[in-house]
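Number of protein chains: 2
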Amino acid sequence: MSYSSDPRAARSREAILTAARELLIGEGPGAITHQRVAQQAGVGRATVYRHWTRPEDLLLDVMSGADLPHFKDPDGPLRPWLHRNLRAMADELAEPAVAAVALTLMQAAIWDDQIAERRDASTQNVADRLGAAVSAAMEQGELDTTADAREITAMLIGPIVYRTAMQRGLVSDELIARLINGIGTWHD
Amino acid sequence: MSYSSDPRAARSREAILTAARELLIGEGPGAITHQRVAQQAGVGRATVYRHWTRPEDLLLDVMSGADLPHFKDPDGPLRPWLHRNLRAMADELAEPAVAAVALTLMQAAIWDDQIAERRDASTQNVADRLGAAVSAAMEQGELDTTADAREITAMLIGPIVYRTAMQRGLVSDELIARLINGIGTWHD
Numbered sequence: 006m007s008y009s010s011d012p013r014a015a016r017s018r019e020a021i022l023t024a025a026r027e028l029l030i031g032e033g034p035g036a037i038t039h040q041r042v043a044q045q046a047g048v049g050r051a052t053v054y055r056h057w058t059r060p061e062d063l064l065l066d067v068m069s070g071a072d073l074p075h076f077k078d079p080d081g082p083l084r085p086w087l088h089r090n091l092r093a094m095a096d097e098l099a100e101p102a103v104a105a106v107a108l109t110l111m112q113a114a115i116w117d118d119q120i121a122e123r124r125d126a127s128t129q130n131v132a133d134r135l136g137a138a139v140s141a142a143m144e145q146g147e148l149d150t151t152a153d154a155r156e157i158t159a160m161l162i163g164p165i166v167y168r169t170a171m172q173r174g175l176v177s178d179e180l181i182a183r184l185i186n187g188i189g190t191w192h193d
Numbered sequence: 006m007s008y009s010s011d012p013r014a015a016r017s018r019e020a021i022l023t024a025a026r027e028l029l030i031g032e033g034p035g036a037i038t039h040q041r042v043a044q045q046a047g048v049g050r051a052t053v054y055r056h057w058t059r060p061e062d063l064l065l066d067v068m069s070g071a072d073l074p075h076f077k078d079p080d081g082p083l084r085p086w087l088h089r090n091l092r093a094m095a096d097e098l099a100e101p102a103v104a105a106v107a108l109t110l111m112q113a114a115i116w117d118d119q120i121a122e123r124r125d126a127s128t129q130n131v132a133d134r135l136g137a138a139v140s141a142a143m144e145q146g147e148l149d150t151t152a153d154a155r156e157i158t159a160m161l162i163g164p165i166v167y168r169t170a171m172q173r174g175l176v177s178d179e180l181i182a183r184l185i186n187g188i189g190t191w192h193d
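Chains A and B, in that order, are what the protein sequence lines are. Quick note on numbering: the first sequence equals residues 6 to 193 in our numbering. Quick note on numbering: the second sequence equals residues 6 to 193 in our numbering.
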């Protein structure tokens, strides 16, 4: 349904997306309910329903548009920063709703070019952030590796996605430490 | 329902599975309807109904049809055996059709308990095979690791799935070697 010809509807749609994004970032995907989003956006619940009948669809729109906070702003030595960020990502993916949205996004990208573009931008974005952090650590003498940024991303994030989405298992801190060890030779 | 005693029914079943696979690869799971599949297979719609009452079951059979040969029959030292099997899996996932089926299965499992059971059986099967091979290598003194079979599976397969399905990138032999190195301490 397109609301582009109705400026009021377009405004409420934007307000809802912004509110949902704030809730997602602040509290996680469990907070994306019609009631919470309506409250946060300052609109009626019926207005949220009119734009998105199912909260999952709203979550999908928010997630594929949101600039997720993972691996942002490298801070201090690489190893603990990686561990914190991977821990946060694993904890989020452990929530069925987030795993569902991540898999839906991955799968929808196969037949939908627009979603594929979002997926590509998002994976590139993560790889760029990780690459910058790894480069800084290499300059500091903390790490040596010949793997490139995208390979390192696959080595760190791939097992966490497989573990949570395919095995439906918990990601232990030991597993995260192993993944971090595996990306190169550490001198810390 | 078994049609094994009726060669005509077995032939139509095969034709329908082939047609459904083509539709899945070309257009995605939405194309798996009785009407489209019957048309593509050159059989009547009633014939499709006779084999699969619900299109979801046909989709499931198409997606999980193959008993994948990966990690079967450990043979010789662990490292080259792992490398061969991971190479074969990466080459298969590089084909968009295979990646599409794998992701569809992963995603469908979220809302469908039957598919979730097959996914669980399949991931457990791979972990059991890898676990047996790793145990044998540890007895031979080839490898030391405290990671369990399922974690090792996630560490080896996760990055390959992420690399092919999310990054749409090639899996180099160097990356495979890195993943294998990362699962423990090698004494080979």
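Calculated directly from the structure, the hints in this document are not laboratory data. A portion of the hints provided could be inaccurate.
[Unchecked claim] Covered stretches of chain A, as calculated for chain B (at least 3 residues, CB under 8 Å):
| id | stretch |
| --- | --- |
| 1 | 108–117 |
| 2 | 123–129 |
| 3 | 142–156 |
| 4 | 159–173 |
All residues carry an ideal CB built from backbone N, CA and C; glycine is no exception.
field: Violated hints, by number in ascending order, as checked against the structure
entry: Structure breaks no hint.
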